[in-house]
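Note that the protein sequences, when read in sequence, are chains A and B. Residue numbering for the first sequence follows this note's numbering, beginning at 1 and increasing consecutively. Residue numbering for the second sequence follows this note's numbering, beginning at 1001 and increasing consecutively.
Hints are supplied without guarantee of correctness; some may be wrong.
In silico BS3-like links for lysine-lysine, alpha-carbon gap of 25 Å or less [claimed, not checked]: (1) K89/A with K1100/B; (2) K1100/B with K85/A; (3) K1143/B with K89/A; (4) K1125/B with K1077/B; (5) K95/A with K1125/B; (6) K1132/B with K104/A; (7) K120/A with K190/A; (8) K1143/B with K85/A; (9) K1143/B with K1042/B; (10) K104/A with K87/A; (11) K1100/B with K1125/B; (12) K1103/B with K87/A; (13) K104/A with K124/A; (14) K1125/B with K87/A; (15) K1132/B with K87/A; (16) K1100/B with K104/A; (17) K1132/B with K1103/B; (18) K89/A with K124/A; (19) K1078/B with K89/A; (20) K120/A with K84/A; (21) K1078/B with K1132/B; (22) K1042/B with K87/A; (23) K190/A with K104/A; (24) K95/A with K1155/B; (25) K87/A with K190/A; (26) K1078/B with K190/A; (27) K1132/B with K1077/B; (28) K1042/B with K95/A; (29) K95/A with K1085/B; (30) K1077/B with K1042/B; (31) K190/A with K83/A; (32) K95/A with K84/A; (33) K1103/B with K1042/B; (34) K1125/B with K190/A; (35) K1078/B with K1042/B; (36) K190/A with K1077/B; (37) K1100/B with K1126/B; (38) K1143/B with K1126/B.
Hints in this document: simulated from the structure, not taken from any laboratory.
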Amino acid sequence: MKKAILGEGLMNVVSILLLVGILVVFHILFSQNISYDALEGKDRIISSEKVVSDGGITLKNILNTPIENINFYEFILINIEDKKKIKEKSNELLKGICEGSEEKLSLNPKEVCFWYLEIKFPDKTVILDGGYNPIISSYGTDTIFTSPGKEPMVLPIQGLNKEFENKLSYSLTLPDYNNNLLEIELRLFKGL
Amino acid sequence: MKKGAYFLTGEMIIWLNRIMLTIVVLVIVFGVINVALNREIKVDDSVADMVIRRLYYSSGCFALEDISVEPGVIDIKKFNNLRLKDCISLRYPVKAELEKTEKTIFNNELYESERDLCLVQNEKKKCLFTNKQYVLISDDGIKDFDILNVEVIIK
């Protein structure tokens, strides 16, 4: 009799543990709110891949921006040897959407933005950046490492895991004057 | 005391335990299923994203329509309060501003009040969404660049 009651008690304990397990699984699967913001690769889904597939509004508009009776793409092709001139013009155009400066970095790191424009010619690759390209720049307790064409890295000195929130990448393939196809990519890294 | 009476009471206690446990399990299982079925998936961000994109993708809003629709190119003649009211439902109060042209429009006269109300709400319920987009402006065929700042309130 005692054995039977002991067995019954054990069965109850096992049932309760099983129930707790099921509840934990349900909790993980259902009770948490799914935020669209938190979806993995959201930027790729709505901002990069989709935009790239229809031309990339931002890059398309930048390259189509009229400058001295030509558009910015032609301006790049004509002045390809004069990087400084292209950089100045790019900064002027991108100022409204992506600006990186030491002042901004120290005052409001969330607003700081780095941009890289990469143009792949058949024989060479030209990489332009926003001009503000600190190798090592400290603000607060973190350090940022940047290098042309690469994603800026944040070294968290206090162990906080920070990264650039918005990584947008737009690309287009366009012909040059010699009918070579050039691959143009604009990468924006915004906010920390 | 008779032996049979003792066994009957013990058996009853065991059955009572079983019945109570079964009821508790059933209540919890139904409760959990109910929570799962009634849960809300937050799609406010995606709704805001679609509303904002509609502004410069659709010719029903501001996108230039020449031979074909040019997404991202804004026809400055279309950039007015009336057009914004027609293309975006009043359900979503919207403020659109062209930085360089210095023109701001609303689809709702009470936008500022709605915005203030939204900002005092609980931080967890994010209701104000913003976007900055590099656009081209077409004014009688003459194009120039501008920055379109959009704010949308999803209640």
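Outcome of the hint check:
no. : hint                 : in the structure
1   : K89/A with K1100/B   : holds, 16 Å
2   : K1100/B with K85/A   : holds, 22 Å
3   : K1143/B with K89/A   : holds, 17 Å
4   : K1125/B with K1077/B : violated, 36 Å
5   : K95/A with K1125/B   : violated, 31 Å
6   : K1132/B with K104/A  : holds, 18 Å
7   : K120/A with K190/A   : holds, 23 Å
8   : K1143/B with K85/A   : holds, 22 Å
9   : K1143/B with K1042/B : violated, 39 Å
10  : K104/A with K87/A    : holds, 19 Å
11  : K1100/B with K1125/B : violated, 32 Å
12  : K1103/B with K87/A   : violated, 29 Å
13  : K104/A with K124/A   : violated, 33 Å
14  : K1125/B with K87/A   : violated, 41 Å
15  : K1132/B with K87/A   : holds, 22 Å
16  : K1100/B with K104/A  : holds, 21 Å
17  : K1132/B with K1103/B : holds, 15 Å
18  : K89/A with K124/A    : holds, 22 Å
19  : K1078/B with K89/A   : violated, 29 Å
20  : K120/A with K84/A    : holds, 18 Å
21  : K1078/B with K1132/B : holds, 19 Å
22  : K1042/B with K87/A   : violated, 41 Å
23  : K190/A with K104/A   : holds, 12 Å
24  : K95/A with K1155/B   : violated, 32 Å
25  : K87/A with K190/A    : holds, 19 Å
26  : K1078/B with K190/A  : violated, 31 Å
27  : K1132/B with K1077/B : holds, 21 Å
28  : K1042/B with K95/A   : violated, 33 Å
29  : K95/A with K1085/B   : violated, 30 Å
30  : K1077/B with K1042/B : violated, 36 Å
31  : K190/A with K83/A    : holds, 23 Å
32  : K95/A with K84/A     : holds, 16 Å
33  : K1103/B with K1042/B : violated, 32 Å
34  : K1125/B with K190/A  : holds, 24 Å
35  : K1078/B with K1042/B : violated, 32 Å
36  : K190/A with K1077/B  : violated, 32 Å
37  : K1100/B with K1126/B : violated, 29 Å
38  : K1143/B with K1126/B : violated, 36 Å
Figure legend: structure checked against the earlier numbered hints; hints not met, in rising order: 4, 5, 9, 11, 12, 13, 14, 19, 22, 24, 26, 28, 29, 30, 33, 35, 36, 37, 38.
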